[in-house]
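Chains as they are written, first to last, in my numbering: chain A, 1 to 185; chain B, 1 to 287.
Derived from the structure by calculation, the hints contain no laboratory data.
The C-beta atom is built at its ideal place from N, Cα and C for all residues, glycine as well.
Careful, some of the hints might be misleading.
[To be verified] What follows is a set of in silico ranges between Cβ atoms, one per label pair, in the way DEER data are often shown:
1) B:166 / A:6: 33 to 39 angstroms
2) A:60 / B:215: 50 to 56 angstroms
3) B:260 / A:97: 30 to 36 angstroms
4) B:86 / A:104: 25 to 31 angstroms
5) B:74 / A:102: 46 to 52 angstroms
6) A:27 / B:241: 25 to 31 angstroms
7) A:97 / B:215: 49 to 55 angstroms
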Amino acid sequence: MYRNFLQRINFFIFIFIAILGVTVQSTVFSYFPIHYLQPDLLLIMCVYAGFHRNNIEGGIFAILCAMIAENNSTAAESYSLVVYVFVFVISKILSRAVVVPDLMTSTGIVAGLSLFKKLVLLALLAHAGKFWNSFESFLIYLIPGVAVQAALTPVVFTWLNRVDLRTYKDSHADDEYQFSNRELK
Amino acid sequence: MLKWIKEYRFYCSLAVLVFIPILSLNSSSKAAGDFNFLDRIIVFVTAPVQALVSFSVDRTARFIQSYVFLINTEKELKTLVEENRKLISSIHNFREMEAENKRLRSLLQFQDSVEGKKVTAQVIARDVTTEFQSVRLNKGSAAGLENGMPVVTHEGIVGRVLRTTNDYADVITILDNLSAIDAIVQRSRARGILEGASDFSCLLKYALRTDDIEAGDMIVSSGLDGIYPKGLPLGTVTSVNRKSYGITQDVEVRPAVDFTKLEEVLVILKKDPLLQTENVQKFSSTN
């Protein structure tokens with residue numbers, strides 16, 4: 001009963017963490033000397049969802065993350081939606097295609113997807129005819145930005161894993177995976 | 001002799017007993033410094049013991065005293081540390097208040113220089129994405145804020161209100177990639193469009209190659225975009241890249257407002273820029 005309850009509220013706990021993350025990001029992280037280097041907690045959470053949630057739950061989570069981000073940003077409309085949903089989808093595909101045994105690999109994937117996010121931005125700016133405006137700063141801060149993001153990934157992943165364990169959430173909640181597990185048992 | 005002593009041992013012992021007080025009497029009557037042989041032996045034997053006892057007592061007393069003293073000291077130390085913390089905290093508060101006072105005073109002076117209704121607001125958060133530069137204010141439509149209203153500080157233009165709720169408003173700053181402001185060079189009156197480029201800089205675009213623009217020139221708003229009042233500072237030219245060909249030149253501008261230290265801003269409620277123009281000219285002349 002208690003276990004069931006915890007499993008059910010896990011999703012809402014994740015949403016709460018996302019809101020908390022955005023609050024921290026927009027207030028505490030904004031004191032970073034270089035704004036461009038602040039980490040994107042939502043992106044890391046979407047990657048985590050890609051590896052540990054099924055399509056429906058993870059998808060809804062990614063969309064909600066995008067909505068939270070758009071609410072706290074003046075980014076072009078649907079920019080966050082495109083980024084976070086794509087990040088989730090790519091993570092989901094990667095979780096099927098490759099085996100992710102450790103935090104190191106996850107960190108690498110987050111770094112890659114962080115790069116993807118920056119490229120989406122460049123595409124957006126190119127569409128708005130402002131590609132060259134921020135291209136220089138984009139190049140300068142690209143690697144440090146991705147490095148900051150990667151450095152934070154193991155910590156966030158460990159914490160999210162802990163939340164999953166505490167709430168008795170199957171860390172491999174993919175339906176098919178569960179199904180195959182049940183079959184094996 | 002021994003036989004005799006044994007026979008009269010009773011008396012002998014009495015004699016010894018009598019002799020001791022006599023000795024004592026003798027030692028108390030003598031002048032200082034004249035230790036006799038017996039005295040010296042006694043001193044030799046007793047002095048070290050005395051010294052030892054005295055030392056022990058002294059140390060014990062000191063230990064007890066210092067222990068008791070330490071207990072008091074510890075209490076006193078705790079009180080002092082607590083007091084020190086409170087004082088440091090007060091000093092920090094006073095400094096913070098002093099800085100805030102200074103900022104608000106500048107803002108007030110600036111407020112007087114621009115006519116029309118204005119609302120002071122505080123920056124409570126920044127854009128959650130790293131690529132876009134906006135800030136959230138603690139005042140919204142309830143305080144009279146509307147989309148498109150200019151947001152300024154005493155240093156210059158911050159940006160414009162993009163969207164509002166009842167109690168909050170999001171402001172797109174001039175650093176944002178998607179921001180564009182019609183601007184002029186204060187010295188030569190050359191025109192261009194100021195666009196956001198990075199965390200620290202903007203670009204003055206579409207300024208003709210033949211225009212006279214130099215590093216150090218002040219860029220101000222032209223007022224032609226219908227949002228910002230004319231003549232408000234936007235930034236200073238940091239570099240000019242004028243090629244030998246082409247129509248325009250590349251001008252990099254450092255914003256007049258220090259966005260890393262942005263805390264209080266002023267939202268100009270009046271939307272008609274023509275009404276504000278003459279007032280801002282007054283501000284420009286005062287600076």
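Using the beta carbons of residue 97 of chain A and residue 215 of chain B, state whether their distance is inside 49 to 55 angstroms or not. Given about 53 angstroms between the Cβ atoms, the range holds.
Checklist line | Supplied distance hint 46 to 52 angstroms, evaluated on CB atoms of residue 74 of chain B and residue 102 of chain A | finding: holds, 50 angstroms
Status of the given 33 to 39 angstroms range, CB of residue 6 of chain A versus CB of residue 166 of chain B
Cβ of residue 166 of chain B to Cβ of residue 6 of chain A: about 36 angstroms, so the range 33 to 39 angstroms holds.
If I claimed the Cβ atoms of residue 27 of chain A and residue 241 of chain B lie 25 to 31 angstroms apart, would that claim hold in this structure?
violated, 37 angstroms
Q) Is the hinted range of 30 to 36 angstroms satisfied by the C-beta distance from residue 260 of chain B to residue 97 of chain A? A) violated, 42 angstroms
Does the beta carbon distance between residue 86 of chain B and residue 104 of chain A stay inside 25 to 31 angstroms, or does it fall outside?
Violated: the Cβ-Cβ distance is about 48 angstroms, outside 25 to 31 angstroms.
Subject >> CB-CB spacing for residue 215 of chain B and residue 60 of chain A relative to the 50 to 56 angstroms hint >> reply: holds, 52 angstroms
The structure fails to meet hints 3, 4, 6 from the earlier list, while all remaining hints are met.
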